[in-house]
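S.K.: Next come the chains, spelled out residue by residue.
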Amino acid sequence: MKFSDEDMEHLEKLANIDIDPDSRERLVLDMSRIIGFVEKLQDTLTTGGQERVEQGGMGTRLREDIPSACLERDVVLEQAPDSHRGHFRIPPVIDGEMT
Amino acid sequence: MQPLTSYSISRLQEMFARGTVGPVEVVRAYLDEIDSKEGAVRAFIETSPDQAIERAKRLERLDPKEYPLYGVPVAIKDNICTSHLHTTCASKILAGYTPPYDATAVSRLLDAGAVLMGKTNLDEFAMGSSTENSAFKITRNPWNTDCTPGGSSGGSAAAVAAGMVPVALGSDTGGSIRQPAAFCGVVGMKGSYGRVSRYGLVAFASSFDQIGPVTRDVMDCAIVMKVISGHDAMDSTTLPGNGNDMLGSIDKGIAGLKVAIPAGMSGWGMDEDVRHSMDDTVKFLETSGARVSQVELPDMDVSMACYYVLANAEASSNLARFDGVKYGYRAEAATLSGMYRASRGEGFGEEVKRRILLGTYVLSSGYYDAYYLKAQNVRKMIRARFQDVFDEIDIIAMPTTPTPAFGIGEKVDDPVAMYMSDIFTTGANIAGIPAISIPAGLSREGLPIGMQLIAGAGREALLLGAAGALEKNCRFRERCLPDPRRWGV
Amino acid sequence: MITGKAVYETVVGLEVHAQLLTRTKLFCGCPSSYGAEPNTLVCPVCLGLPGSLPVLNREAAGMAVLLGLAFGCSISNRSVFARKNYFYPDCPKNYQISMYENPLCTNGTAIIGENGRRVGIERIHLEEDAAKLIHDDNGASLVDFNRCGIPLAEIVTRPDLRSGKEAADFMIGLRQIMRYLGICDGNMEEGSMRCDVNVSIRTEGSASYGTRTEIKNLNSFRAIEAGIEFEIERQKELLSSGRKVIQVTNLWDASGKRLVAMRGKEEAYDYRYFPEPDLLPLVLDETLVEDAAKRMPELPDPKKMRFQEEYGLSAYDSDVLTSEKGVADYFERAAALAQDPKTVCNWVMREVLGEMKRTGVTMARFPVAPESLAELVILVKDGTISGRAGREVFLEMSATGCAAAEGMKRLGLEQISAPEKLEEYVSEVLRENAPVVERYRRGEGKLIGFLVGEVMKKSGGRADPHAVNELLSRKL
Chain A
0 MKFSDEDMEH LEKLANIDID PDSRERLVLD MSRIIGFVEK LQDTLTTGGQ ERVEQGGMGT
60 RLREDIPSAC LERDVVLEQA PDSHRGHFRI PPVIDGEMT
Chain B
0 MQPLTSYSIS RLQEMFARGT VGPVEVVRAY LDEIDSKEGA VRAFIETSPD QAIERAKRLE
60 RLDPKEYPLY GVPVAIKDNI CTSHLHTTCA SKILAGYTPP YDATAVSRLL DAGAVLMGKT
120 NLDEFAMGSS TENSAFKITR NPWNTDCTPG GSSGGSAAAV AAGMVPVALG SDTGGSIRQP
180 AAFCGVVGMK GSYGRVSRYG LVAFASSFDQ IGPVTRDVMD CAIVMKVISG HDAMDSTTLP
240 GNGNDMLGSI DKGIAGLKVA IPAGMSGWGM DEDVRHSMDD TVKFLETSGA RVSQVELPDM
300 DVSMACYYVL ANAEASSNLA RFDGVKYGYR AEAATLSGMY RASRGEGFGE EVKRRILLGT
360 YVLSSGYYDA YYLKAQNVRK MIRARFQDVF DEIDIIAMPT TPTPAFGIGE KVDDPVAMYM
420 SDIFTTGANI AGIPAISIPA GLSREGLPIG MQLIAGAGRE ALLLGAAGAL EKNCRFRERC
480 LPDPRRWGV
Chain C
0 MITGKAVYET VVGLEVHAQL LTRTKLFCGC PSSYGAEPNT LVCPVCLGLP GSLPVLNREA
60 AGMAVLLGLA FGCSISNRSV FARKNYFYPD CPKNYQISMY ENPLCTNGTA IIGENGRRVG
120 IERIHLEEDA AKLIHDDNGA SLVDFNRCGI PLAEIVTRPD LRSGKEAADF MIGLRQIMRY
180 LGICDGNMEE GSMRCDVNVS IRTEGSASYG TRTEIKNLNS FRAIEAGIEF EIERQKELLS
240 SGRKVIQVTN LWDASGKRLV AMRGKEEAYD YRYFPEPDLL PLVLDETLVE DAAKRMPELP
300 DPKKMRFQEE YGLSAYDSDV LTSEKGVADY FERAAALAQD PKTVCNWVMR EVLGEMKRTG
360 VTMARFPVAP ESLAELVILV KDGTISGRAG REVFLEMSAT GCAAAEGMKR LGLEQISAPE
420 KLEEYVSEVL RENAPVVERY RRGEGKLIGF LVGEVMKKSG GRADPHAVNE LLSRKL
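Chains as they are written, first to last, in numbering that gives the first Met the number 0: chain A, 0 to 98; chain B, 0 to 488; chain C, 0 to 475.
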């Protein structure tokens with residue numbers, strides 16, 4: 000499958016990653032090659048044997064509804080790039096702007 | 000007298016118990032090794048000599064007999080959280096980050112009396128097979144510093160191979176413990192999926208990731224596995240039970256076991272020396288009473304494709320949290336989405352970006368069915384195939400990698416060629432089954448060759464027993480060790 | 000052939016998010032409580048710190064199952080958590096753990112309004128709540144993760160609602176049931192119950208749906224009704240004038256009673272859902288479902304019917320008494336003790352609910368216990384005090400929390416039935432009203448009422464009216 004510049008732009012947006020213009024062309028090429036590489040999945044028949052579910056792997060384990068210790072706020076905010084009055088501070092969020 | 004840094008864990012424990020040596024002495028000896036060799040090997044992102052000595056001193060007041068890893072120096076791959084040391088994943092985006100908690104595997108090591116020596120280098124976020132994709136440094140193979148140590152746990156494997164620590168933790172998503180262990184001539188193991196808690200392992204691909212040990216021999220590996228294994232309330236994908244049976248078959252050997260060799264191995268670009276090693280292994284197996292047969296494994300190309308689709312799909316989601324809001328690197332920008340895109344664009348390296356983009360692609364609308372869903376179905380098929388295989392046989396034996404360590408820079412420009420160095424290892428991750436790599440010999444260039452043993456889910460004890468027997472036959476460590484003089488130490 | 004203006008039918012579907020009243024969050028042990036200092040109820044898991052992993056809260060699963068059972072949903076014995084991927088700073092991992100293809104509960108029915116309309120419940124699933132964003136004065140935004148990870152039940156209806164009023168009725172009914180189940184306090188203003196609405200219109204009788212729009216930020220029942228009606232009118236105008244409805248998400252501005260279009264939604268967002276690899280599927284063990292079934296209380300509708308049949312109450316009274324489980328329980332306890340459901344019903348309807356409304360106190364904190372009310376009702380019934388005095392005593396009890404006898408004593412309202420004292424009042428009244436006595440004796444029998452009244456007045460209302468009547472009759 001051909002991987003285009005537009006595909007790259009779309010992925011940059013979905014993944015929220017700026018791609019450096021210098022490496023862009025090569026990255027588009029890499030992506031084409033990697034997609035070509037995983038393309039062989041398409042020719043694989045998957046109607047074969049059925050996986051058996053392992054013992055103990057039946058379902059997720061549940062936790063009882065019992066409170067446990069929280070982190071100290073100072074410890075939490077110490078790692079934040081920016082904080083203000085007990086909050087994490089970030090550039091302005093526009094309502095509903097999904098990025 | 001043998002140097003202090005040459006003893007196995009059990010030997011060290013005996014010496015501590017008798018009081019012939021103390022943790023401070025041992026830790027100092029290893030710190031000296033790190034001092035003299037790190038410049039050439041570059042295995043560590045951070046070392047913690049002062050903390051290590053402090054801890055060793057505190058240990059001296061405790062009873063060695065109560066701690067299975069009393070005074071044992073360990074290094075931790077830098078994608079495993081440590082509350083007193085940075086955890087960077089070798090990424091600019093996490094430079095300077097200190098987690099507020101220890102990974103479960105780390106706290107179990109500490110509870111067992113181990114001493115943390117530092118954090119080892121890796122491919123950024125464990126994405127790579129050569130430890131060249133680190134934002135901070137390129138680690139070198141102690142056997143030949145022009146070669147990579149493999150990856151992504153290259154720092155851990157190189158540190159153990161160079162004798163800077165007897166034990167290191169790595170993480171294995173598609174072979175990231177076993178492949179560098181093979182390249183560096185050490186033992187590396189990943190257990191069944193869920194055997195070791197992932198709590199505190201910075202996720203690359205959640206349904207594949209496992210933490211495991213890198214050690215000098217199989218016995219040490221089993222001892223460490225026993226400590227770090229077992230159910231963890233913080234990771235609901237862990238298996239029930241503890242690791243107590245890890246050493247249960249360690250002396251049982253390989254006689255009577257049904258061992259299978261994958262059919263059609265010649266087609267996989269295998270190096271001639273690796274093939275010789277494989278032949279030697281088969282000979283050994285036959286003469287030591289194993290019943291050797293051939294087995295048809297799932298197509299390895301397809302396995303690789305399946306692995307890359309699923310692992311990177313999960314990775315694209317797992318790595319979404321690195322956005323400059325709560326921790327780590329933030330690029331300043333006027334708008335929120337500008338901040339996101341610049342922080343991630345500048346914070347992640349090339350390979351990580353490639354994988355996030357691929358993962359995003361295979362999950363995105365219009366491609367989900369053709370790639371993600373298809374790969375999930377292929378995964379089920381592969382798992383079913385392995386289940387069938389292990390109904391018939393006990394162990395699969397095969398090389399860990401098709402070739403010994405490759406040169407630094409040799410594959411950086413060809414991501415797909417780089418991926419192919421994991422071709423023999425991803426199967427165990429797809430199927431969630433235990434696998435171990437042990438050093439089996441040297442190539443004509445003097446580079447280690449690793450042999451991989453794989454067992455059915457939950458059969459770590461059997462696997463360790465077989466690996467012990469093969470190791471005894473190879474006598475690798477008695478015959479060969481990397482020579483530091485070659486890299487000017 | 001139909002001519003003139005087209006008749007449009009409204010089609011509304013709801014997505015409701017209800018915060019579950021668990022002690023801890025959905026995937027970690029942080030308390031899921033309110034009002035704490037920002038970012039103090041957080042841990043590596045709900046902050047999405049690298050390496051952290053979710054572990055599902057059993058109680059949250061139980062509550063969602065309970066809600067599903069209340070609506071007659073099928074409960075899936077194997078539901079799957081999925082990651083919903085999107086970047087937004089209220090979502091620390093930039094994916095939300097939710098359910099997508101295999102939700103916990105499906106295919107239920109809710110019955111709403113007076114004529115018992117059936118509304119399909121498409122699904123109920125569990126997901127984690129988002130953090131709170133605050134807009135800073137200096138043009139930045141601030142994030143508080145305390146709320147992040149509180150369990151939410153998402154309830155999705157089928158597009159079965161036909162007006163803003165019906166949507167509001169559904170929400171009122173849903174809140175009532177969730178309060179009965181004790182799984183959500185249903186406070187829309189505080190955001191513990193939130194509602195997104197999908198609205199479209201179509202020509203009446205049409206089988207297909209029109210283009211729908213979404214309204215968010217509806218934080219009261221009134222807002223739901225008003226917002227939907229507003230949007231229906233807007234869509235009608237568009238269609239009537241030959242224009243098209245465009246798929247859009249609007250925010251309801253309650254103060255200006257208008258809709259504000261949200262930005263950046265020109266295309267459907269690609270959430271890239273996939274099964275959450277950190278959690279195995281939720282396989283319900285039998286005990287979990289059984290425990291939920293055991294916890295199932297009598298629901299409002301059956302209770303209402305029973306009140307009418309068992310206690311002979313009117314439909315209206317039964318409705319009011321069962322509006323809240325606490326009130327219904329209160330009534331039943333007092334009625335059982337006083338052995339007089341109808342009288343107790345009157346007391347609860349008038350006095351108890353009136354007092355609750357006046358003081359704003361909830362049933363749980365109401366100072367007059369049902370036992371005390373029963374005591375008071377008995378005192379009035381056996382004539383120890385008059386009805387009017389009883390109401391005064393009730394107010395005293397409600398103000399101070401005292402028992403009925405104690406309240407009576409405090410107000411000096413013990414009824415006077417001692418013959419000597421009554422004799423004294425009666426004699427005085429007869430002396431002071433000689434002309435009336437004269438007229439009574441000449442045959443104006445109804446004047447006895449006046450004389451009883453005078454005695455009552457003299458006694459400050461405390462005389463036993465029966466005894467007074469008897470005594471007067473004798474003396475006259």
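Be careful, since some hints might not be right.
If you want a taste of the chain C side facing chain A, the calculated C-beta under 8 Å gives, among others [to be verified]:
#, residue
1, Leu20
2, Thr23
3, Gly28
4, Cys29
5, Tyr33
6, Asn56
7, Asp135
8, Gly138
9, Leu141
10, Asn186
11, Met187
12, Gly190
13, Pro280
14, Leu281
15, Val451
Derived pair list, reagent style DSBU-like, types lysine-lysine, alpha-carbon separation capped at 35 Å [what the hints assert, rightly or not]:
#, chain 1, residue 1, chain 2, residue 2
16, B, Lys257, A, Lys12
17, B, Lys251, A, Lys39
18, A, Lys1, C, Lys445
19, B, Lys136, A, Lys12
20, A, Lys12, C, Lys243
21, C, Lys420, C, Lys408
22, C, Lys293, C, Lys380
23, B, Lys91, A, Lys1
24, B, Lys379, A, Lys1
25, A, Lys1, B, Lys410
26, C, Lys293, C, Lys243
27, B, Lys282, A, Lys1
28, C, Lys408, C, Lys474
29, C, Lys341, C, Lys293
30, A, Lys12, C, Lys131
31, A, Lys12, C, Lys83
32, A, Lys12, C, Lys408
33, C, Lys324, C, Lys356
34, B, Lys91, C, Lys445
35, C, Lys420, A, Lys39
36, B, Lys379, B, Lys251
37, B, Lys91, C, Lys457
38, C, Lys83, B, Lys379
39, A, Lys12, B, Lys410
40, C, Lys420, C, Lys457
Honestly, the hints are just simulated from the structure, not real lab data. Built from N, CA and C at the ideal position, the CB exists for glycine as well.
S.K.: List in ascending order the numbers of the hints, as given earlier, that are violated by the structure.
M.R.: 1, 5, 10, 11, 12, 15, 16, 17, 18, 22, 26, 27, 32, 34, 35, 37
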